[in-house]
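Listed in order, the protein sequences are those of chains S and H. All residue numbers in the first sequence are consecutive under our numbering, ending with 175. All residue numbers in the second sequence are consecutive under our numbering, ending with 500.
Derived from the structure by calculation, the hints contain no laboratory data. Please note that a few of the clues may not be correct.
What the hints assert, rightly or not - Some but not every residue of chain S turned toward chain H, in silico, with C-beta under 7 Å: (1) Met1; (2) Arg2; (3) Thr10; (4) Thr11; (5) Ser46; (6) Gly53; (7) Cys55; (8) Leu62; (9) Ala68; (10) Thr96; (11) Asn98; (12) Ala102; (13) Phe129; (14) Ser132; (15) Tyr133; (16) Val135.
Unchecked claim - Label-pair restraints from in silico Cβ distances: (17) S:Leu9 - H:Arg40: 54 to 60 Å; (18) H:Glu142 - S:Ala68: 46 to 52 Å; (19) H:Ala131 - S:Leu9: 21 to 27 Å; (20) S:Pro19 - H:Glu142: 55 to 61 Å; (21) S:Arg78 - H:Asp335: 27 to 33 Å.
As the list claims (entries may be wrong) - Listed next, the stretches of chain S that the computed footprint assigns to chain H, with coverage defined by at least 3 CB atoms under 8 Å from CB atoms of chain H: (22) 73–82; (23) 137–146.
This structure is a prediction, so every number in the text was calculated from the model and none was measured. Backbone N, C-alpha and C fix where the C-beta goes; we use that ideal spot for every residue, glycine too.
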Amino acid sequence: MRRTLLESLTTGALTEPAPAPDEAALAELARSLERAARARLGRSLSIRHVDAGSCNGCELELHALSNAFYDLERLGLRFVASPRHADVLTVTGPVTKNMREALLRTYDAMPDPKWVVAVGGCARDGGVFAGSYAVAGAVSDVIPVDLHVDGCPPSPISLLKGLLALIHHQGGASV
Amino acid sequence: MTMLDTIAGAQAVDAHRPWPRAIVTDAGWRQAIDALATGRWTLSGLWGDAGAVHMAVIDEGGDIAVLTYACRAGTFPSVGAKHPPAVRLERAIASLFGHTPEGAPDPRPWLDHGVWGVAQPLGARGPARAAERYTFLPVEGEALHQVPVGPVHAGIIEPGHFRFTANGEFVVRVEERLGYVHKGIESLMAGAPPERAAQLAARTSGDSTVAYSWAFAGAVEAALQVQVPQRAVYLRALMAEIERLANHLGDIGAVCNDASFALMHAQTSILRERVLRATDACFGHRLMMDAVVPGGVARDLPAEGAGTIRALIAEVRRVFPRLVELYDKTASLQDRTVTTGIVKPDYARQFGAGGFVGRAAGRAFDARRTIGYAPYDALSFEVPVLEAGDVNARVWIRIREVEQSLSLIEQIIDRLPQGELRADVSVRAACEGMAYREAFRGDVLVWLRLDSGGRVARCHLRDASWFQWPLVEAAIENNIIADFPLCNKSFNCSYSGHDL
Chain S
1 MRRTLLESLT TGALTEPAPA PDEAALAELA RSLERAARAR LGRSLSIRHV DAGSCNGCEL
61 ELHALSNAFY DLERLGLRFV ASPRHADVLT VTGPVTKNMR EALLRTYDAM PDPKWVVAVG
121 GCARDGGVFA GSYAVAGAVS DVIPVDLHVD GCPPSPISLL KGLLALIHHQ GGASV
Chain H
1 MTMLDTIAGA QAVDAHRPWP RAIVTDAGWR QAIDALATGR WTLSGLWGDA GAVHMAVIDE
61 GGDIAVLTYA CRAGTFPSVG AKHPPAVRLE RAIASLFGHT PEGAPDPRPW LDHGVWGVAQ
121 PLGARGPARA AERYTFLPVE GEALHQVPVG PVHAGIIEPG HFRFTANGEF VVRVEERLGY
181 VHKGIESLMA GAPPERAAQL AARTSGDSTV AYSWAFAGAV EAALQVQVPQ RAVYLRALMA
241 EIERLANHLG DIGAVCNDAS FALMHAQTSI LRERVLRATD ACFGHRLMMD AVVPGGVARD
301 LPAEGAGTIR ALIAEVRRVF PRLVELYDKT ASLQDRTVTT GIVKPDYARQ FGAGGFVGRA
361 AGRAFDARRT IGYAPYDALS FEVPVLEAGD VNARVWIRIR EVEQSLSLIE QIIDRLPQGE
421 LRADVSVRAA CEGMAYREAF RGDVLVWLRL DSGGRVARCH LRDASWFQWP LVEAAIENNI
481 IADFPLCNKS FNCSYSGHDL
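Can you build the whole structure from these sequences, using the hints too?
See below:
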């Protein structure tokens, strides 16, 4: 164990520079974020994730955000275990009817102010699952959405850009 | 003599490939149930159709057959009554098609949570049944308490509900309730052209997108008797082994992480990310979604791809052995994984558990070897098997399979043939096909019927998890609740692949 730890310390960091926030995402956020919320939250966000019907592809890339290359936490972003501790709710999947209530309850359990990020193509419009008897629809059909991150699944870089847009927007200046 | 010859009065069905399907009588169906209950055959699938149920079975030699029972009165003799692995599959058939398993031990719905607004969505659709409270199995005894967990979990994982009954720290029983991510995939496939159905298959379980795409394509190609170009065959196997490698690396770290050993997780996550980046460079997608299509592959390996993959293999080979040593020599970690969450070999055999769950508990089944399909018949690899059945054994099977996948990837790159990437898959007549492909967590079965108009009339996808989820319940018994995440991660069953 010591050898692996030492080598990690002596070789350079793998972590890459953070990408610039996504322009489109910033524009979308400008419509939904309040100035007061920026002041209150500072440049840090706690994220609660709910898989509302995903194929698990988006979850794999959300996981990747925590690896050494992206290192989400250095940017003030972290995943938390309870919606009560969260500022941001990330939601994946078309919302299945079987998950609709759990999603609503999770959203309701979060304190205000709060934002919802719909992750992946299915979250935007149901994707290939749209129209099924078992699907309630897009995330925005169930709870208000502040930001969409597209992709099937979105790459970790796209996810970072979207989430960084959330933080940057709290800086004060409208973008 | 084939398996179906032993069934009295079995009527073979034409144009079902590559294994036979037969319509059986009541007596024939019961004969098959006996063969399952006595362990001569292994249940490999049980699914509904319009007015019928189908059962896929495998014998010890890896021979396969499909038996069909016509549900004339809307019922069929319960398989689960004598063979427990069939219970959830039958409950799913009742929920989706409305066919009732007569004499079934558990009449509760499965997948259907009473909120779809329709009953039996794949059968004769009826008005939604009245919402009723789902009753968990009773547990009686002094000092027992219940802990409900899910569907929303603390981590970034798929949703499912676990109802624990504990005596102090020890789990007396855990009961799973799944179906939360049921998207109606099989219903969306019905009537769809194969290209659209292939996209749905690719999104049945995102972590196994290559395996599902390949199994779906394999079923289409079997039905149509299409010969896939050799280069495509090898590229498919290359993608499948990369997928296995990425998932196993992720799992090995994640299991250790659930034992609070973060160093391993950090290190394997780096390797996994390197695999995904190389994959992105080679195939234009980190998970290779939609790269395997009916008839062949949609993406070729670029000229520099072989070099990219060789460099990746070298890097994994440089780092991985030290991580294996780290796992093997860290006593505090072994203390958590050894003898935790034991799957008894008898259960693995009875349930026909595939993947590392089965192979860690003495069941030497691997679709690449036991059933066999190209190009694996021309490649050299070992199927590691252990007997202990604990978390540790499931980690070791993955470690050994990482090594095997590295070797397979190398062999494939060495002998990748030149040539076409896709064959024509136009449909001329109605036909049926099925295929097994070994995903990282076990065998995926896809069965389908194409109509004469070239559309998918019925497609069923059976994830390995159907026969692994029930074993999670058995493995956790008498372990402490705090070890459940560790046990569960060591299985890493699919929710989406199961819920469909």
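Going through the hints against the structure:
1. At about 6 Å, the closest approach between the beta carbon of Met1 of chain S and any beta carbon in chain H falls short of 7 Å, and the interface hint on this residue holds.
2. Interface hint at Arg2 of chain S: violated, since its Cβ lies 10 Å from the closest Cβ of chain H, which is beyond the 7 Å cut-off.
3. For Thr10 of chain S, the shortest C-beta to C-beta distance to chain H is roughly 15 Å, which exceeds 7 Å, and the interface hint is violated.
4. Proximity of Thr11 of chain S to chain H is violated relative to the hint, the smallest CB-CB distance being about 11 Å (cut-off 7 Å).
5. Below 7 Å, beta-carbon pairs count as interface contacts, and Ser46 of chain S has none with chain H, the closest being about 13 Å; its hint is therefore violated.
6. Hint on Gly53 of chain S holds. Least Cβ distance to chain H is approximately 5 Å, under the 7 Å limit.
7. Because the smallest distance between the Cβ of Cys55 of chain S and any Cβ of chain H comes to about 4 Å, under 7 Å, the interface hint for this residue holds.
8. The interface hint given for Leu62 of chain S holds, since its Cβ lies 5 Å from the closest Cβ of chain H, which is under the 7 Å cut-off.
9. A distance limit of 7 Å between C-beta atoms decides the matter here; for Ala68 of chain S the minimum to chain H is near 5 Å, and the interface restraint holds.
10. Taking 7 Å as the C-beta cut-off, the interface hint given for Thr96 of chain S holds, the closest approach to chain H being about 6 Å.
11. Among the interface hints, the one on Asn98 of chain S holds; its C-beta lies about 5 Å from the nearest C-beta in chain H, closer than the 7 Å criterion.
12. Look at Ala102 of chain S: its Cβ gets to within about 5 Å of chain H, closer than 7 Å, so that hint holds up.
13. Because the smallest distance between the Cβ of Phe129 of chain S and any Cβ of chain H comes to about 5 Å, under 7 Å, the interface hint for this residue holds.
14. At a threshold of 7 Å, the smallest CB-CB gap from Ser132 of chain S to chain H is about 4 Å, leaving the interface hint in force.
15. Taking 7 Å as the C-beta cut-off, the interface hint given for Tyr133 of chain S holds, the closest approach to chain H being about 5 Å.
16. For Val135 of chain S, the interface hint holds, since its Cβ comes within 7 Å of a Cβ in chain H; the closest pair sits about 6 Å apart.
17. About 58 Å separates the C-beta atoms of Leu9 of chain S and Arg40 of chain H, a value consistent with the hinted range of 54 to 60 Å.
18. Separation of Glu142 of chain H from Ala68 of chain S is about 50 Å and conforms to the stated range, judged on CB atoms against 46 to 52 Å.
19. Under the hint 21 to 27 Å, the C-beta atoms of Ala131 of chain H and Leu9 of chain S, about 57 Å apart, miss the expected range.
20. Checking the proposed 55 to 61 Å range against Pro19 of chain S and Glu142 of chain H shows it holds: the Cβ atoms sit about 58 Å from each other.
21. As the Cβ distance of Arg78 of chain S to Asp335 of chain H is approximately 29 Å, the hint placing it in 27 to 33 Å holds.
22. Restraint check on the stretch 73–82 of chain S versus chain H: 3 residues with Cβ-Cβ distances below 8 Å, three needed, restraint holds.
23. Look at the stretch 137–146 of chain S against chain H: 0 of its residues bring a Cβ nearer than 8 Å to a Cβ of that chain, fewer than three, so the hint is violated.
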